[in-house]
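The chain contents come next:
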Amino acid sequence: MHIEHIDEHFNNRNVTEMNSDYYLVGIEDYPTDNWGRFKRVIKRSFRGELFVGLWVVMREMIRFDIHTVKYPEEKMPIGPRYRAIHQMKRLWESDAERCIGCGLCEKICISNCIRIETKLDASSRKEVSEYSINLGRCIFCGYCAEVCPELAITHGGEYENASDQREHFTMYQDMLTPLDMMRAGTQLEFEGFGSITPHEDERVKKTPLAY
Amino acid sequence: MEMAYLIETVIKIVVILLIFSALAGIGTYFERKVLAFMQRRLGPMNVGPFGLLQVAADGVKLFTKEDIVPTNVVARVFKIAPVITAATAFMAAAAIPFLPSFTLFGYEVHPIVADVNIGILYILGIMGVGLYGPLLAGMASANKFSLLSAARGAAVFISYEVITGLSILAPIMMVGSLSLIDFNAYQAGGITSWILWSQPVAFVLFWIAAFAETGRTPFHLIANDHEIIDGFGTEYSGMRWGLFFIGEYANMFFISFVISIIFLGGYGDGSFLGALGLLGKVAFFFFFFLWTRAAWPDVRPDQLMWLCWKVLMPIAVLNILITAIVMM
Ligand code: SF4
Ligand code: SF4
Chain A
4 MHIEHIDEHF NNRNVTEMNS DYYLVGIEDY PTDNWGRFKR VIKRSFRGEL
54 FVGLWVVMRE MIRFDIHTVK YPEEKMPIGP RYRAIHQMKR LWESDAERCI
104 GCGLCEKICI SNCIRIETKL DASSRKEVSE YSINLGRCIF CGYCAEVCPE
154 LAITHGGEYE NASDQREHFT MYQDMLTPLD MMRAGTQLEF EGFGSITPHE
204 DERVKKTPLA Y
Chain B
141 MEMAYLIETV IKIVVILLIF SALAGIGTYF ERKVLAFMQR RLGPMNVGPF
191 GLLQVAADGV KLFTKEDIVP TNVVARVFKI APVITAATAF MAAAAIPFLP
241 SFTLFGYEVH PIVADVNIGI LYILGIMGVG LYGPLLAGMA SANKFSLLSA
291 ARGAAVFISY EVITGLSILA PIMMVGSLSL IDFNAYQAGG ITSWILWSQP
341 VAFVLFWIAA FAETGRTPFH LIANDHEIID GFGTEYSGMR WGLFFIGEYA
391 NMFFISFVIS IIFLGGYGDG SFLGALGLLG KVAFFFFFFL WTRAAWPDVR
441 PDQLMWLCWK VLMPIAVLNI LITAIVMM
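Each protein sequence line maps, in turn, to chains A and B. Its first residue numbered 4, the first sequence is counted upward by one per residue in my numbering. Its first residue numbered 141, the second sequence is counted upward by one per residue in my numbering.
For reference, chain A alone in the conformation it holds in the complex (with noise of 0.2 angstroms):
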């Protein structure tokens, strides 16, 4: 009794009693003698479902009711957690890059197009003096994004990014918020683990010399 009482749910599983306008639709056998596939042949014939399908689309052309988005001049607006681009984010306060030059995001990548090299700088902290996303491979995944413990680089929402030089896809400076945005405080940010909080400058630890 039970069993068949799930047997049921699963078989039915769309057509519950919220939305009951499911039904099944009736398919009618197959003719086996000749009588009867003739008058298949006179019902198929003047049912005039052809003429159905002609008022349908005369219907959509008199209504004009047009779904086109006119591309270049009208975008479709994108979700916010659209991954294309990737950004590289500046740090509130100090302006300086975000980024620690941990590695994790090209260590992650699964396309191997992060490429990073670090150095120290003067003050023996260390630096990023290289940093390049080949967009070209990218396969905009979003681990470097989510693996990076900064919050340094996150997708952005650029997706125009067709280009007649490989060498394009790889400008890391495209990708760092500019500074006047930077100063107009509009750096668009992430909530979640590891996201900015106040006096994120203060907080930052120096990465140990002794590696």
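These aren't lab readings, by the way, just hints derived from the structure by calculation. There's no promise every hint is true.
Residues from chain A that keep clear of chain B, each with C-beta distances beyond 10 angstroms, as calculated [unchecked claim]:
{"id": "1", "residue": "Val-28"}
{"id": "2", "residue": "Pro-34"}
{"id": "3", "residue": "Lys-46"}
{"id": "4", "residue": "Gly-51"}
{"id": "5", "residue": "Phe-67"}
{"id": "6", "residue": "Leu-107"}
{"id": "7", "residue": "Glu-109"}
{"id": "8", "residue": "Ile-142"}
{"id": "9", "residue": "Phe-143"}
{"id": "10", "residue": "Glu-163"}
{"id": "11", "residue": "Ser-166"}
{"id": "12", "residue": "Tyr-175"}
{"id": "13", "residue": "Arg-186"}
Covered stretches of chain A, as calculated for chain B (at least 3 residues, CB under 8 angstroms) [what the hints assert, rightly or not]:
{"id": "14", "region": "52-65"}
{"id": "15", "region": "70-80"}
Each pair of labels, with its calculated beta carbon distance range [as the list claims (entries may be wrong)]:
{"id": "16", "chain 1": "B", "residue 1": "Leu-458", "chain 2": "A", "residue 2": "Leu-53", "range": "19 to 25 angstroms"}
{"id": "17", "chain 1": "B", "residue 1": "Ala-215", "chain 2": "A", "residue 2": "Gln-168", "range": "39 to 45 angstroms"}
{"id": "18", "chain 1": "B", "residue 1": "Val-200", "chain 2": "A", "residue 2": "Pro-34", "range": "51 to 57 angstroms"}
{"id": "19", "chain 1": "A", "residue 1": "Phe-49", "chain 2": "B", "residue 2": "Ala-215", "range": "39 to 45 angstroms"}
{"id": "20", "chain 1": "A", "residue 1": "Asp-177", "chain 2": "B", "residue 2": "Val-200", "range": "32 to 38 angstroms"}
{"id": "21", "chain 1": "B", "residue 1": "Glu-148", "chain 2": "A", "residue 2": "Glu-77", "range": "37 to 43 angstroms"}
{"id": "22", "chain 1": "B", "residue 1": "Trp-337", "chain 2": "A", "residue 2": "Met-61", "range": "23 to 29 angstroms"}
{"id": "23", "chain 1": "B", "residue 1": "Ser-338", "chain 2": "A", "residue 2": "Lys-42", "range": "28 to 34 angstroms"}
{"id": "24", "chain 1": "A", "residue 1": "Ile-69", "chain 2": "B", "residue 2": "Leu-461", "range": "49 to 55 angstroms"}
Think of the CB as a built atom: it goes at the ideal place given N, C-alpha and C, for glycine as much as any other residue.
Starting from the known structure of chain A, arrange chain B with the ligands on it as the hints suggest.
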């Protein structure tokens, strides 16, 4: 007199060629627009106002494209095939009266190149020859999809040509002439004298056959894009492919003229209104070609043959018999 006749004919030919080549281009524009609107799109919008110059852009593209003749094709046949399609389409136009005769600068113009007394036979024959375009193109292309398309073309051709001939026989018996001008004169008495009312079955049959003849959507088998790529046109590029295209669209216009003249009274009594009426009817039939393309699915080749041989042909024969009995 002879000279004047010659000059007049040449001018008519040039005018028809120019007008219908241009119409073929504009026809593609309308096809795109109508299909787009029916599918809630906008169609071409960017070249020129409302995309009107898209036709010109496509023309420039076709003319300037590299003309590729692939290796392994039978080059001579491959090159001549598109010409057959386009040429036969325009040749068929010779016996079609496009407008009633009118007077221009005191000179009476008959807008028909040659009023041959076997006009319909000539048109059907020439359109039949037009089949050699796709057939030869497909067989010469050294491409299995093209070959399939050629085979389909031949199979479809023998099916629908029977219907075309038989369905038109009953009206011919009523009119007693094969000239389209006589057909028009027979129906000059206004709407009530249209052959459509006395021969509705023949009208529907001929209309169905016209779809097969022009290879438009319910019977778009010879170049069915999602099954056999572009069929016989797969290996063609540039203007050679463009000739197939012009042939197809010119054919659509001409067959619309033929249907309107045979069944729907043509230009009626030959007044200005009658001429406008003919153009309106042609426009409707052309629009219907586009309309069905948006609405209807394609049938399989075997279904088309089944339909032609087992359904339409018996009906056509019955129609002829009944017409004959009634006329006796
Ligand atoms: S999004 Fe994925 S593929 Fe692209 S750089 Fe980041 S980790 Fe690599
Ligand atoms: S994971 Fe973040 S902090 Fe580490 S190197 Fe990459 S971007 Fe810089």
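Violations among the numbered hints:
5, 19, 21
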